[in-house]
Amino acid sequence: MKIKLTFILILTSVFLSGCWDLVEIKDRAIITAFGIDKSDMDGKITFTLQTIIPSRISTPMKTSPEMKPSVRVVSKTTDSFADAIREYAKQAERRTYLMQNRIIIIGEDMAKEGLTPAMDFFMRHPDSFQGAWVLICKGKASEIIKWNSEVERIPADFIEELVKTRNFICSSSVENIHTFVNKLSTKPTSPATAMIELVDSGNNETEARLSGIAVFKKDKMAGMLDNLETKGYTWINNERGRRLFEIGDIGKANVKMTHEIEGSRTKIIPELINGKPAILIKVNATTKIYVQDGSLDLDSQDTLKKLEKMLEEEIKSQIEACLNKALKEYKTDIFGFGEKIHRKYPKEWKKFKVKWEDALADLKVITDVNVKTKSTGMIIDTIKP
Amino acid sequence: MFQDKEKISVNQAFMLVIAGGIGNIFLVYVNPAVKDAGRDGWLSVLIAYTMSTLLGLVLVNLGLRFPDKTFIQYLPVVLGKFIGKLIGLAYVLCWMVMNPIIIRDFMDLMRFFLPTTPQLLIGSLMYILVIYVAYKGFEVYARTAELFVVIVLFSILLLMIGISPNVDYGSLKPFLENGFSPVSKSLLVQFPFAAETILFMALWYPCMSQMKKGKKCVLIGVPIAGLVLVLLFITVIAFTGPAMAAELTSPVFYMVRYIHISDFISGFEALFMLLWVSSIYLELLVFFYQPLIGLAQWLNLKDYKPLIIPGAIINLMLSLIPANVVQASYLDTLKNPYIILPMAALIPLVWMVAVIRKLDESNK
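Residue numbers (the working numbering), protein chains in the order written: chain A, 456 to 840; chain B, 567 to 930.
Same shape as in the complex, but just chain A (with noise of 0.2 Å):
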């Protein structure tokens, strides 16, 4: 019995262990970031793949005097994705990993050109994981790869935290692969995702940062958002992060005073108004008071009244102009709009479906914003000398 039970445990050891897909994960080359261009020469694109050097990784961190980064950024040049990760591996003689890779940056050059050749890469290929981030850059995808965090080893880590941390201050609105690919399947819908961009901090540093958002038409950019534009963008596609709200001028003169989105709700809602499409945005937020200059008497209703009312109008004033900037100038429907009405109106939207893309710079949108002031902080009114 002892010796039935030993032979088949060795067995069943030679058989599960998988012999012949075994990679040890030293033979691995470990994918962090990967960044696509278009290329100078014509009709090339530029890669830019940024892998984890494993020994560097692995000792903890020291305070050394020569900190060498833990991470090697090599780029390639080549016809398609699949030469430039066989030509990475050829200097590599390591097996490319993708799956670990969360950051995927395209230059803007390569996003006007079109994404369906990296998409069709990044869904085909076993490895890669769809959660991974699409990010556009001005200029060079490949400087921002190579670009080095002072706070993260692995700087694309920091990248990632960026876009993790949008969460908390709402800056922008992300998609990745997976969403990405989904909005572009849905035939009315465009996809929209941030910008990233490197910018001097000062101290010879440079620190990246998430800036504006690049809006689609189809699979190729169409252009972008600025910030307020791109502030209108995080209230439609209902980003529920805190974010900090300043406004100026409440009846008196330069007043001064910052809010802090506690949580907000945005609802789409299709209707139909004399057989023409419409939409409907409601956003209902709540805010808390996060600074003030004190010139404000908050100790009245009156004044609280008057604030939501001034803030409610700021929202409104920021959703119209990303409403204009994306229906009228880009004519694209990053938002989902003519979805929503094909979901509530089949029947009519076979009609509006033939010209939809014309018909948005006449999209009738009616906006509702409905803010609530709950909390002043742990102070009510400015204690005044």
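Hints listed in this document are in silico derivations from the structure and should not be mistaken for laboratory results.
The structure displayed is predicted, hence computed values, not measured ones.
Please note that a few of the clues may not be correct.
Mimicking DSBU-like on lysine-lysine, the simulated pairs with C-alpha atoms at most 30 Å apart in a straight line are [stated by the list, open to error]:
#, chain 1, residue 1, chain 2, residue 2
1, B, K601, A, K810
2, A, K673, B, K782
3, B, K782, A, K731
4, B, K601, A, K806
5, A, K731, A, K619
6, B, K702, B, K782
7, A, K642, B, K751
8, B, K871, B, K601
9, B, K739, A, K672
10, A, K783, A, K593
11, B, K871, A, K457
12, B, K901, B, K751
13, B, K601, A, K638
14, A, K786, A, K810
15, A, K806, B, K739
16, A, K786, B, K739
17, A, K808, B, K601
18, A, K638, B, K739
19, B, K901, A, K805
20, B, K871, A, K642
21, A, K619, A, K601
22, A, K737, A, K808
23, A, K673, A, K531
24, A, K675, B, K739
25, A, K595, A, K567
26, A, K819, A, K805
27, A, K802, B, K601
28, B, K739, A, K783
29, A, K673, A, K545
30, A, K457, B, K702
31, A, K601, A, K481
32, A, K802, A, K672
33, A, K761, A, K743
34, A, K595, A, K545
35, A, K737, B, K739
36, A, K675, A, K786
37, A, K673, A, K737
38, B, K871, A, K459
39, A, K638, A, K593
40, B, K868, A, K808
Position chain B against the provided structure of chain A, taking the given hints into account.
Here is chain B on its own, set in the frame of chain A:
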């Protein structure tokens, strides 16, 4: 004969109905349903399993008339010796087509995980298990089904909960955009999936220790399988939308890989592996027993066991025939309307003949 020696309990029979109803169907039914019926595919799945429940009731009634005979054995009694034997052979041959298709599905999807391991080796390892269980007898399979069905159901449920933060149920609207005809067209593929479990039951039903309870097993088991598949379809469509789901080789696998809960619970591939291999095991044996037992009974053999190894080898070789994954999945949908549907349609027909001829052996 096979049913004299082996007896299965009511609980095991119930699990066998679910095993045949879910099997590895949950991996392959989404694509054809989306392609035919778009986002309304869940409706055709629902109708298919309702029809399958009715078919099951017909079979139970038919089986109760011949309590110690399997479907292959009472076909000649009902339809006359020559026609009965001929149709019986058709059944056996049709069932033989199924097993290679299933093992091929398994080998094709395994390519993602083990790209350089020879496909035939993966198939062979699976078949070693199948042959072992087949030699041990049907009771052993029924007992393993009792365990694995629970694992499969539980894992599917867990995956649906895991993906729930990322779904948008609005994708299921508009309901019946293009009318009912795409849904009814999709039934041609979906109903045979649902009927597989009943066709399987046609062979093991006489083994049940309390045959009267077969009705209850069908009435609960088939709807459970159907409901799980409907929910899974809804989850897949809510996650990917219909256009994307139609192009994914395995929407369920895609969904599993995406699950990341609060940044630290991820890597559900292992759970998927557990779910998937156990479901393939269930389904392989469902369609391994059928042709073997069917053939043994058609030839009036005393025992089906000598047929096990030749059957396994033939199945493995047949599975290598499709040239690529596109052809394999095409065959997968082609077999449904042309092979399983006529087989399923024959059950009510045989029942009607039996009723008209007033055939009943239950009092003997």
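Cross-check of the supplied hints:
1. B/K601 <-> A/K810: Measuring from Cα to Cα gives roughly 26 Å; hence the hint holds.
2. A/K673 <-> B/K782: 53 Å, violated
3. B/K782 <-> A/K731: 54 Å, violated
4. B/K601 <-> A/K806: Given pair B/K601, A/K806 holds - Cα atoms ~24 Å apart, limit 30 Å.
5. A/K731 <-> A/K619: 39 Å, violated
6. B/K702 <-> B/K782: 28 Å, holds
7. A/K642 <-> B/K751: Holds, because 24 Å separates the two Cα atoms, which is no more than 30 Å.
8. B/K871 <-> B/K601: 41 Å, violated
9. B/K739 <-> A/K672: 24 Å, holds
10. A/K783 <-> A/K593: Distance ~23 Å between A/K783 and A/K593 Cα, so the pair holds.
11. B/K871 <-> A/K457: Measuring from Cα to Cα gives roughly 29 Å; hence the hint holds.
12. B/K901 <-> B/K751: 15 Å, holds
13. B/K601 <-> A/K638: The hint holds at about 19 Å.
14. A/K786 <-> A/K810: Distance of about 11 Å is within 30 Å: holds.
15. A/K806 <-> B/K739: 18 Å, holds
16. A/K786 <-> B/K739: 25 Å, holds
17. A/K808 <-> B/K601: Distance ~21 Å between A/K808 and B/K601 Cα, so the pair holds.
18. A/K638 <-> B/K739: At roughly 16 Å apart (the allowed maximum being 30 Å), B/K739 and A/K638 satisfy the hint.
19. B/K901 <-> A/K805: 35 Å, violated
20. B/K871 <-> A/K642: 56 Å, violated
21. A/K619 <-> A/K601: 21 Å, holds
22. A/K737 <-> A/K808: 24 Å, holds
23. A/K673 <-> A/K531: 28 Å, holds
24. A/K675 <-> B/K739: Holds - the C-alpha atoms of B/K739 and A/K675 are around 27 Å apart, at most 30 Å.
25. A/K595 <-> A/K567: 13 Å, holds
26. A/K819 <-> A/K805: Status holds; Cα separation ~19 Å.
27. A/K802 <-> B/K601: The hint holds at about 21 Å.
28. B/K739 <-> A/K783: Given pair B/K739, A/K783 holds - Cα atoms ~28 Å apart, limit 30 Å.
29. A/K673 <-> A/K545: 35 Å, violated
30. A/K457 <-> B/K702: Holds, at roughly 22 Å.
31. A/K601 <-> A/K481: With Cα atoms ~23 Å apart, A/K601 and A/K481 stay inside 30 Å; holds.
32. A/K802 <-> A/K672: Answer holds: A/K802 to A/K672 is near 25 Å, not above 30 Å.
33. A/K761 <-> A/K743: With a Cα-Cα distance of about 14 Å, the restraint between A/K761 and A/K743 holds, given a limit of 30 Å.
34. A/K595 <-> A/K545: 24 Å, holds
35. A/K737 <-> B/K739: At roughly 21 Å apart (the allowed maximum being 30 Å), B/K739 and A/K737 satisfy the hint.
36. A/K675 <-> A/K786: 13 Å, holds
37. A/K673 <-> A/K737: Holds: A/K673 and A/K737 sit about 26 Å apart, inside 30 Å.
38. B/K871 <-> A/K459: The hint holds at about 24 Å.
39. A/K638 <-> A/K593: Status holds; Cα separation ~22 Å.
40. B/K868 <-> A/K808: Measuring from Cα to Cα gives roughly 67 Å; hence the hint is violated.
Of the numbered hints listed earlier, those contradicted by the structure are 2, 3, 5, 8, 19, 20, 29, 40.
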